[in-house]
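Asker: Generate coordinates for the entire structure from the input sequences, incorporating the hints supplied.
Number of protein chains: 4
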Amino acid sequence: MSKGKVCLAYSGGLDTSTILGWLLEQGYEVVCFLADVGQDEDWEAVKAKAVQIGATKMIIEDLRKEFVDELCFRAVQCNAIYEGRYLLGTSLARPVIARAQMRVAEQEGCDFVSHGCTGKGNDQVRFELAFYTINPDIKVIAPWRDPVFFKRFAGRNDLLDFAAEKGIPVTSTKAKPYSMDANMAHCSYEAGMLEDPDQTPPEDMWTMTDDPETAPSKPEDIHIFFEKGIPTKLQTLVDGKTYTESVELFNKLNAIGKLHGIGRIDIVENRFIGLKSRGCYDSPAMTILRLAHLDLEGLVLDGQLRSIRDTFVTQKWSELLYNGMYFSPEREWLDTCLIAAQDRVNGVVRLRCYKGNAYVLGRSSETEKLYDADIASMDTLDNFSPEDTTGFIGITSIRLKKYGLQKRAEGGLINSK
Amino acid sequence: MSKGKVCLAYSGGLDTSTILGWLLEQGYEVVCFLADVGQDEDWEAVKAKAVQIGATKMIIEDLRKEFVDELCFRAVQCNAIYEGRYLLGTSLARPVIARAQMRVAEQEGCDFVSHGCTGKGNDQVRFELAFYTINPDIKVIAPWRDPVFFKRFAGRNDLLDFAAEKGIPVTSTKAKPYSMDANMAHCSYEAGMLEDPDQTPPEDMWTMTDDPETAPSKPEDIHIFFEKGIPTKLQTLVDGKTYTESVELFNKLNAIGKLHGIGRIDIVENRFIGLKSRGCYDSPAMTILRLAHLDLEGLVLDGQLRSIRDTFVTQKWSELLYNGMYFSPEREWLDTCLIAAQDRVNGVVRLRCYKGNAYVLGRSSETEKLYDADIASMDTLDNFSPEDTTGFIGITSIRLKKYGLQKRAEGGLINSK
Amino acid sequence: MSKGKVCLAYSGGLDTSTILGWLLEQGYEVVCFLADVGQDEDWEAVKAKAVQIGATKMIIEDLRKEFVDELCFRAVQCNAIYEGRYLLGTSLARPVIARAQMRVAEQEGCDFVSHGCTGKGNDQVRFELAFYTINPDIKVIAPWRDPVFFKRFAGRNDLLDFAAEKGIPVTSTKAKPYSMDANMAHCSYEAGMLEDPDQTPPEDMWTMTDDPETAPSKPEDIHIFFEKGIPTKLQTLVDGKTYTESVELFNKLNAIGKLHGIGRIDIVENRFIGLKSRGCYDSPAMTILRLAHLDLEGLVLDGQLRSIRDTFVTQKWSELLYNGMYFSPEREWLDTCLIAAQDRVNGVVRLRCYKGNAYVLGRSSETEKLYDADIASMDTLDNFSPEDTTGFIGITSIRLKKYGLQKRAEGGLINSK
Amino acid sequence: MSKGKVCLAYSGGLDTSTILGWLLEQGYEVVCFLADVGQDEDWEAVKAKAVQIGATKMIIEDLRKEFVDELCFRAVQCNAIYEGRYLLGTSLARPVIARAQMRVAEQEGCDFVSHGCTGKGNDQVRFELAFYTINPDIKVIAPWRDPVFFKRFAGRNDLLDFAAEKGIPVTSTKAKPYSMDANMAHCSYEAGMLEDPDQTPPEDMWTMTDDPETAPSKPEDIHIFFEKGIPTKLQTLVDGKTYTESVELFNKLNAIGKLHGIGRIDIVENRFIGLKSRGCYDSPAMTILRLAHLDLEGLVLDGQLRSIRDTFVTQKWSELLYNGMYFSPEREWLDTCLIAAQDRVNGVVRLRCYKGNAYVLGRSSETEKLYDADIASMDTLDNFSPEDTTGFIGITSIRLKKYGLQKRAEGGLINSK
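Residue numbers (the numbering used here), protein chains in the order written: chain A, 1 to 417; chain B, 1001 to 1417; chain C, 2001 to 2417; chain D, 3001 to 3417.
Do not rely on the hints blindly, as some may be mistaken.
[Stated by the list, open to error] Simulated crosslink set (DSSO-like; lysine-lysine; CA at most 30 angstroms straight-line):
no. : chain 1 : residue 1 : chain 2 : residue 2
1   : A       : Lys139    : D       : Lys3151
2   : D       : Lys3057   : D       : Lys3166
3   : D       : Lys3176   : D       : Lys3166
4   : C       : Lys2258   : D       : Lys3218
5   : D       : Lys3233   : A       : Lys407
6   : D       : Lys3228   : C       : Lys2407
7   : B       : Lys1252   : B       : Lys1218
8   : D       : Lys3139   : A       : Lys151
9   : D       : Lys3407   : A       : Lys228
10  : D       : Lys3218   : C       : Lys2176
11  : A       : Lys252    : A       : Lys176
12  : A       : Lys218    : B       : Lys1176
13  : A       : Lys139    : A       : Lys3
14  : B       : Lys1005   : A       : Lys407
15  : A       : Lys228    : B       : Lys1407
16  : C       : Lys2176   : D       : Lys3369
17  : A       : Lys47     : A       : Lys3
18  : A       : Lys176    : B       : Lys1218
19  : C       : Lys2151   : B       : Lys1139
20  : B       : Lys1369   : D       : Lys3139
21  : A       : Lys407    : D       : Lys3369
22  : A       : Lys176    : B       : Lys1369
23  : A       : Lys228    : A       : Lys369
24  : D       : Lys3369   : B       : Lys1139
25  : A       : Lys407    : B       : Lys1139
26  : B       : Lys1407   : A       : Lys5
27  : B       : Lys1228   : A       : Lys407
28  : C       : Lys2151   : B       : Lys1003
29  : C       : Lys2258   : C       : Lys2218
Hint data in this document are derived by calculation from the structure and do not stem from the laboratory.
All figures in this text were calculated on a predicted structure; none of them were measured in a lab.
Answerer: Structure follows, in structure tokens:
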């Protein structure tokens, strides 16, 4: 008799193929699930392999649009960034994948969900917190944290032996000296040789960006239009084309960014579970969009609102996403806050892409009026009383003069340290 | 009889020369002051001109070391950045200049200080808040906010007429279509043609960075060493030289960054007085140092400490500097906080400079041990119990499950929006 | 010919009566305006006096409902408090008064608005920022900042002389040794004898709270019901009455709080313009409502959401209100944020009022389920795996152990300082 | 042969006596440890009982001074408070207890430490995070999370049976319908009947505060002196005595607060592990000290410094303490920050204690000068230019006018909602 039905996140690789075989061996019925979040994949081959190994079904869902619309563009609105550098590509994909897996689990009547994440990473936390929040009664099978499993499969050879025994096909591709995970937002590279933080990644590692050194020596100009902080149109100047559908726009930006080598980062980051780890990421579209959005906000967003939003929403939202807290009351609330701050973020940013960088060439907005060249102009005093500034400085200095007197009694501020 | 003695910030340009002439005409005695914060200047010519116009004295002080040591390197420790993009070059220079001017005013027995800042900018605020804090009794003469002055000198021609009348020498150089201000940290460009935020700056505007498009096609590698977050050594790989004296190190980084076109930004920013303005800045050394420091912190700084520091010190310190609050109790306090957070920021970052960008190649630290390749490794479970993560997720999900149940009663989290 | 029409905030007191007379003398036509925000006033007498002095009209508006609904209850939702102690009574009233005065100015075709605020206080800033934001073209006459006015009326005797000269009736009441300002939210007391921060206020100063020492020795219990963080019902246990209309509910709470002496504070605070000043305030209803709301949030609000909201919305909103920034993009935005955080704040809090204090007796919610006595119970392990906590602690300690090892190399954490 | 040596936190109660017996039964050698943090205890009886049951040793340490000096007074400097209400009494005691237990474990050569905390509470986390940070190699035995133990001792009767079997003496005292934990900072009450958050605690529950309703009807005045934010002297007006030794000062304040019924709170709070729980606490000395300190800061601390400190340090430090992160890099760092903000907190606060409340009567400082009655005075314009405020308002409104125009295009700010 079956121990129950499991919905397994299945990628077709050696790890999840082994897990599939092992779950079947343990007496579970298994429905496999694979999310299309824009990665390169031979979908039919994965499907065939799952069924060959013994899955009852293999369900593949195209989540690209919800990934871009709900997660990536929200991150753009937020200027989301983790520890000042990481654009959160993996973190953004996990919620849509976990939600879709739970939808499949529900449709297929599964009592269990399972995944192939390791026991030391962020992803297990992101997936499982999402699973439990979406359905507090779901049961999770995490083989890489189950001693029965991880002691049996202690090394790659054990996996290969099991594959041979069970007739699981193994692609002969030599394993890379690091692990990769790709979606539309980025490709990540970690572990293996990258665990030495002083080891420069090999040039052939990067998949979503070409080498800046070999990128075209001719720059390429583009225009990105935003409505309420959401990218709504991309114009490529080289051929005068426009892209308005979100997935197409995003893919086109990825292509442009790839060509010009834009969006590589290599960092040591702090995982939610308290370990430091080294990660490399290339995120062409996200890098360009974040820059353009940040730039437009300079033109159209009130400075005080921006400062408060920067301090509180931007960093917190980014940390929540990184830590797997997408399905949480605080993230839901912060989304409301950040969307409400974007009403005025309407306009267009002109950019130049060239050898590893995007540069802003200019920005404008037809609807927003906070920038006022007349009043800001150094060449005129119309609508401005310079005497007011004297009063402003006078009042602002009241408090500081008291401090100055205090310091004077201690020797003063006049000498350098 | 003299109305009193004024210490005037004098640059030798048309504006401050007119102010000098005008102050003398008004019956003041004037001591001129000029700070050397690394800008390009014909110091002797400025001196001669001041005296020729009628200044009692012209005092020039070399502030480069205190500028780099006290301000620029503190900004590096802080990862300081304003509105996500601006590295604060002007804001960092103002405190050391204002302090030195007040020292001169005190030594020379001046009751007044004066400057040529416009009435709409940030600099007037920065200078005067510093003046008043350092000496609450000082009197400030700000001609560009005095109707007697600004109505008389309503345009450039009025200034030229006055110069002719007073025999003030005017350099025949055609005025640039924007204004510039340079120091070691950056050169700023604003006003004039740049007041249209959609107008791309002319390529020949930039002075501290060469055009990335014509920068060398051969990358250049460097190593930057930090102790307690302060850059203490620069190694240039191309010739094996090292730089340890702070001003030399900083200048060398500026030279490398200039050659490779690193550190240009073009933004619309929010001035303290509530106006939006467009500014362009090139900051080669600061751009490279900020990146290197940020990277090293990933390796050596505790993640929670970093998150708290990022939220509160980094942005606030940057805003205080931008707003001219260097001499304030809150900045003094935040300095204590940020320095205390840097004890562990010891190590070296290897970088590659290439066509507009610096890329991190690797980082290491001999003394710091928070990064632990063994425990972080995906290849081993030594010193790690994967079962612990199950408990961690279980406990972390308690709160989220409650939220999930709440949402379930409203239709659930399972569908995309 | 008239210099134009002024809408003057007129209270009937000596100051604004003098301003009224002076404006007329200067050649303005004056429409007087007085807001009813719940203060004790002989409205007809004020009206008669304004007209007698020469006002074209005297318009009195009852703003109590918009004051309570829009400002006071929003402050309750926010747990608003300034510098940890002040419940913002004056700050909350200013926006509704300023807005109504601008409505009247618009209806009456006034080009000017005027007020009797002093030049050192917060109120001038609050009123005028509101005026200018609501109508950037409005002209403000602030006599106490106009040297023509303040030099002529340098002391109380000058005001009395002017009153005698102009036939302005003066109430013979002896001036209090401090100034007062009352509305439904509180009465404020400052200046005069209170300027010595070590001078205890006289017991007969307080008007909205009876002396706790002579308050009833019998406590009084009440129930306050909230929907989405808004007080919607007050039940008084002593007589079984209920109050649901917002102004009535608020007034009744003021009456109960007055009787039991609840809500007095005496502080030194930091004014927006950088001066420290001493203020005393009694705010019975607001004190009770803030406590009840804070308590209910403990029961129904998610802890993480609350922590983020506390850090960023509560303090910032309070500071914005204090500084007169009610009509600002950032306050408008924070309102959206804080309201969005209140969806779940539904329930009832039972309180006891007694001699200066309100005590919470208990709280409950029919709709909210985050509090779960079963899972929280120390008496059962149903639905809880204590082993999970071991894992939670294990993972949480990973980072801390690294820190411990670091400290150990420096002598360890084991000894007290 | 012994399984090893355990240092057990032993209180003499039924739970830890059972744990002691059980550990011995399991084959461990046990050294008992009890911290004196000011609770009421028959120390000799506990000692005798431990030895009688079979402990090798029973070590009692007086930690009162390090508790008050290092933890309680730091909390006062910080104005520490959790979720706006809880003064952290338990959280403050845990670090000193855990550290002392680890000192004993080291001195006695123990490989293990053990405690009687339940598996659902905060204390297990606080203790164990401290243990692991102080010595990453320590092994922790937490019987209430060990199924072998908690399944065997599923109810109170199982404990009593075991006691009978092992000859463990049981005090015949009827168990209270809630659990209590006391130290100098407070007594906490939770669980049992208190798990219903709408159940008012019985009046005889409170141990550290007398009932305000029966408290003296005569108020009592005291003076508290601070140096750098630390209470250094207490003067009791009734008898003219002074207390300067920290533990005596603290105890005296507890006595005064007890008499007048000051410092009771009853809340629902969010535990670190994500559960909501109801807790009641009475903290007389801490309540009075926090009020006095907060008040003095109004007089002597710069307003901007205070605002930044309030936003970031106060709440974060409180949350860290609550969550058991005392021994962490971020708490160590925040301590440096908060101490640096206290240099100017010197002065005296005069308070009146009466029936459940402390009221501030006045405050003064001989050394601090930020409060300036002259410049703040409403009665004089010496040293103040009211015209400056006009300029201040003018500049401050630039940004707001832009917003007003934007809103005007949407219907304006003039109408109430």
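Asker: Given the proposed pairing of Lys176(A) with Lys1369(B), does the C-alpha separation stay at or below 30 angstroms?
Answerer: holds, 28 angstroms
Asker: Checking one constraint from the list: CA of Lys3233(D) to CA of Lys407(A), max 30 angstroms. Satisfied?
Answerer: holds, 27 angstroms
Asker: Against the 30 angstroms threshold, does the CA-CA distance of Lys176(A) and Lys1218(B) hold or violate the hint?
Answerer: The hint holds at about 29 angstroms.
Asker: Between Lys3139(D) and Lys151(A), does the CA-CA distance stay at or below 30 angstroms?
Answerer: Judged against 30 angstroms, a Cα distance of about 24 angstroms means the pair holds.
Asker: Need the status of pair Lys2151(C), Lys1003(B): alpha-carbon distance at most 30 angstroms?
Answerer: holds, 27 angstroms
Asker: Measure nothing beyond the straight line between the CA atoms of Lys3176(D) and Lys3166(D); if it is 30 angstroms or shorter, mark the hint as holding.
Answerer: holds, 24 angstroms
Asker: Going straight from one Cα to the other, do Lys1369(B) and Lys3139(D) come out at no more than 30 angstroms?
Answerer: Status holds; Cα separation ~23 angstroms.
Asker: Starting from Lys228(A), check that the Cα of Lys369(A) is at most 30 angstroms away, please.
Answerer: holds, 15 angstroms
Asker: Is Lys2151(C) close enough to Lys1139(B), meaning Cα to Cα at most 30 angstroms?
Answerer: holds, 24 angstroms
Asker: Does the structure keep Lys3218(D) and Lys2176(C) at a Cα separation of 30 angstroms or less?
Answerer: holds, 29 angstroms
Asker: Straight-line Cα separation of Lys407(A) and Lys3369(D) no greater than 30 angstroms?
Answerer: holds, 11 angstroms
Asker: Is the hinted pair Lys47(A) and Lys3(A) satisfied, with a Cα-Cα distance of at most 30 angstroms?
Answerer: This hinted pair holds, its Cα atoms lying about 24 angstroms apart.
Of the numbered hints given earlier, the model fails none.
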